[in-house]
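> If you're matching them up, the sequences are chains X and C in order.
My numbering puts the first residue of the first sequence at 419, with every later residue one more than the last.
My numbering puts the first residue of the second sequence at 706, with every later residue one more than the last.
Please keep in mind that the hints were generated in silico from the structure rather than gathered at the bench.
Just so we're clear, the structure is a prediction, and the values are computed from it rather than from any experiment.
It is possible that part of the hints are untrue.
What the hints assert, rightly or not - List of simulated lysine to any residue pairs, SDA-like, C-alpha gap at most 20 Å:
1) K1017(C) / E426(X)
2) K1073(C) / V1084(C)
3) K795(X) / R985(C)
4) K784(C) / T424(X)
5) K1091(C) / V615(X)
6) K795(X) / L1044(C)
7) K1091(C) / R685(X)
8) K795(X) / A791(C)
9) K1091(C) / E694(X)
10) K795(X) / R930(C)
11) K820(C) / H953(C)
12) K568(X) / V615(X)
13) K1017(C) / T424(X)
14) K795(X) / R1039(C)
15) K730(C) / L720(C)
16) K1091(C) / H700(X)
17) K1091(C) / T424(X)
18) K784(C) / Q721(X)
19) K784(C) / V422(X)
20) K609(X) / V630(X)
21) K1091(C) / A697(X)
22) K948(C) / D886(C)
23) K550(X) / N785(X)
24) K598(X) / G984(C)
25) K683(X) / L1094(C)
26) K771(C) / R758(C)
27) K890(C) / N941(C)
28) K795(X) / D988(C)
29) K905(C) / R930(C)
30) K795(X) / A980(C)
31) K933(C) / G865(C)
32) K729(X) / P969(C)
33) K686(X) / L1094(C)
This is what each chain is made of:
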Amino acid sequence: MALVLTEEQSMLRDSARGLISDKAPVAHLRGLRDSKDTTGFSRELWKTFAEMGFSGLLVPDQFGGSGLGCVEAGIVMEEIGRTLMPSPFLATSVLAASALSRGGSEAQKALHLPKIADGSLLAALAIDEGAKHRPLQTKLQATRSGNGFKLSGDKAFVVDGHTADLLIVAARTAGSAGDKNGLTLFLVDPKAKGLAVERTAMVDSHNAARIVFDNVEVNADSVLGEVDQGGGLLEGVLNIGRGAVASEMVGLSDEVFGRTVAYLKERKQFGKAIGEFQALQHRAAELYIDIEITRAAVLKALQALDADLGKAGNAVSVAKARAGTTATLAVQEGVQMHGGMGMTDQFDIGFFMKRARVCQELFGDSNFHTDQLAQGKGY
Amino acid sequence: MADLEKFRAETRAWLEQNCPAEMRKPMTSDGDTFWGGRNAKFSSDAQRVWFERMRDKGWTVPHWPKQYGGGGLDGEEAKIVRQEMAAIGARQPLTSFGISMLGPALLQYGTEEQKKEHLPKITAGLIRWCQGYSEPNAGSDLASLQTRAVGDGDDYIINGQKIWTSYANYADWIFCLVRTDPAAKKHDGISFILFDMTSKGVSTKPILLISGYSPFCETFFDNVRVPKSHVVGSVNRGWDVAKYLLQHERAMISGMGERGVGRPLGQIAADSVGADAQGRLDDAQLRSQIASFEVDEAALAAAAERAVDLAKAGQSHPAFSSAMKYYGTELNKRRYEILMSAGGIDALEWESDRSRGGARPRAWLRTKANSIEGGTSEVMLGIVAKRILDLPGA
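Let the sequences and hints guide you as you build the complete structure.
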């Protein structure tokens, strides 16, 4: 398959870009932050997302979605990255939709997927427990109890956890921390007894939560996929999420770069545009090259995810590792080349730096994925 | 789509049947590369058989038109041939500057007569070409070149000196930049001309490099007589041809950072460094350097694939090959720094049979030229800044 967007994909990009740049420029995020908005995103805009078919992008046709793939989800994420729009798209439309459509029973799919597609259900994936992303280290315990299970433990960095109507929780039903076997995914109602959600305001003004489970009871129907065998499903869903976040970082990097190059052409010092100085020209050129190479790696990973989810691991690790280092470089150069203005809150560039830091940690940073690749290649 | 899948299956079967086992092993020495030319010698029977079969199929240059000895394949088909060759680790049957540099320029700017004269001899490996671009005082500032061509009836008389002429001492013909109008602005008085290296007045002198090899020469022209009909493109418009050709050269050099099949670098390193109980390379710092390198290498491979696809879709920027050249060459240097570090003292032997005559350290030193030849990294960044980013004054 050619590593360029098809005509349909280009049209999707244009329509996503039109909507997002019009309704949710960076000022939108700034406004939500400044007003200490308790939702942290615009429900009205989410409705529009549903009307345009974005919320159900990965939901199969028979459940009311568009039945599109990871390349298309990445296209929307890239546009989200350009304006840093806070949106349930990642947690609900990418992660939850993937988990349900790939791991759900017919009843679970029929119950939840149409609501994801029409925008009426918000969901969140609860994985991380420690400071770093280590899905195999999952300790949150699910013990059999009567017809179902009892869940006890802590989750952190749950994207959109504070607004979710449905939680998808990774728990340990067998084995010990570090084992791939013995993981199980559960569908949990956030209003269940014993469950406490704390919204955690993050550096990037996006949404996350810490969630405590204290003997939360769920019935046997709440299991998503197979008991003890959730590791494979989780890995696939996480890889889709990683590809999506890598796309967001490409959009973010490209936008920061575009703003920075424009500034190099307009800002004058020593009687000329600072973009005339070779020291800055070469750094700008290097950053451009870095972004273009990462863009290709990310598209390659998205295509690999669509072609064969089980074999996409290495390509995804390459993409997420690259996207992390590229975005980090882009925002640092962005702030540096904007000089003192880059340090001011009034200027947007700082928002990109903050979001890039969060995207690095989401589903494994560059170090994590570089190590994954080494393991995948047998050294 | 179905046609392409059929083509892929046929290609795979043909390669499987026709590529000798020896020609599927990674290359280990210079002799493994077949350059063709009047004095060409095959280093093995397998190399000869492989070359002849590919030549007869038109696949020494699969994407060139059939009438010039190519395979007449379109972009998608040529990509499939490359992919299927890579899948079995098949070596290039013929490597030549005629294929990677002159050919594309002739196809774009040459007369029909020039194409008919030269392209079939390139695809058949009969003539080996060299490139006369750089001069002692014209390196990064190539357009300041001074080799003169003065008209004399139907001929030019050429005088001057070139430097860094790759394999000039083995080449049969040269494609050369000469100044035909010294009064014009420096980019405007240059012509692109072809001539036989056995012409009277041509001499070469190899330059010994830090690798102990002499892949480059100084090349001298002393009243060399060349017919005016050997100019490619218009007289005094040679810079257009030169730039076009440089884009192809840069694409080729950037490809040096790419690997086909073969063992991951981490496993090669484990041969000398060892592995721990979990099979991890027994040097945590080196392991992370290698893994970072492989992340970037895989990303570059995707970018190279995308560059071809973008060109096919008419969406590529003509200066993008400079971006790829920059990244690919810097990456290849990184690869060899890692290989040297992984090899430790074993990688320091210079002459022993054990080290195959110091193959690794010599190759390591050779890579240092990657970011100089064909335009330095700094020149590449300047081109990107100016032509792609449109930065002022660049």
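> Against each hint, give a clear statement of whether it holds in the structure.
Here is what the structure says about each hint:
1. K1017(C) / E426(X): 18 Å, holds
2. K1073(C) / V1084(C): 16 Å, holds
3. K795(X) / R985(C): OK: K795(X) and R985(C) at ~10 Å, within 20 Å.
4. K784(C) / T424(X): Holds. K784(C) to T424(X) sits at ~18 Å (cutoff 20 Å).
5. K1091(C) / V615(X): Cα-Cα ~53 Å, so violated.
6. K795(X) / L1044(C): 17 Å, holds
7. K1091(C) / R685(X): 17 Å, holds
8. K795(X) / A791(C): 18 Å, holds
9. K1091(C) / E694(X): 10 Å, holds
10. K795(X) / R930(C): Violated, at roughly 57 Å.
11. K820(C) / H953(C): 18 Å, holds
12. K568(X) / V615(X): With Cα atoms ~17 Å apart, K568(X) and V615(X) stay inside 20 Å; holds.
13. K1017(C) / T424(X): Given that 20 Å is the threshold and the Cα spacing comes to 13 Å, the pair holds.
14. K795(X) / R1039(C): 19 Å, holds
15. K730(C) / L720(C): 14 Å, holds
16. K1091(C) / H700(X): 10 Å, holds
17. K1091(C) / T424(X): Answer violated: K1091(C) to T424(X) is near 30 Å, above 20 Å.
18. K784(C) / Q721(X): Given that 20 Å is the threshold and the Cα spacing comes to 18 Å, the pair holds.
19. K784(C) / V422(X): 15 Å, holds
20. K609(X) / V630(X): 12 Å, holds
21. K1091(C) / A697(X): Cα-Cα ~13 Å, so holds.
22. K948(C) / D886(C): 18 Å, holds
23. K550(X) / N785(X): Roughly 11 Å between the alpha carbons, so the hint for K550(X) and N785(X) holds.
24. K598(X) / G984(C): Holds, because 18 Å separates the two Cα atoms, which is no more than 20 Å.
25. K683(X) / L1094(C): 10 Å, holds
26. K771(C) / R758(C): 16 Å, holds
27. K890(C) / N941(C): 10 Å, holds
28. K795(X) / D988(C): 16 Å, holds
29. K905(C) / R930(C): 8 Å, holds
30. K795(X) / A980(C): This hinted pair holds, its Cα atoms lying about 14 Å apart.
31. K933(C) / G865(C): Holds: K933(C) and G865(C) sit about 17 Å apart, inside 20 Å.
32. K729(X) / P969(C): 17 Å, holds
33. K686(X) / L1094(C): Cα-Cα ~17 Å, so holds.
Against the hints set out earlier in the document, violations occur for numbers 5, 10 and 17.
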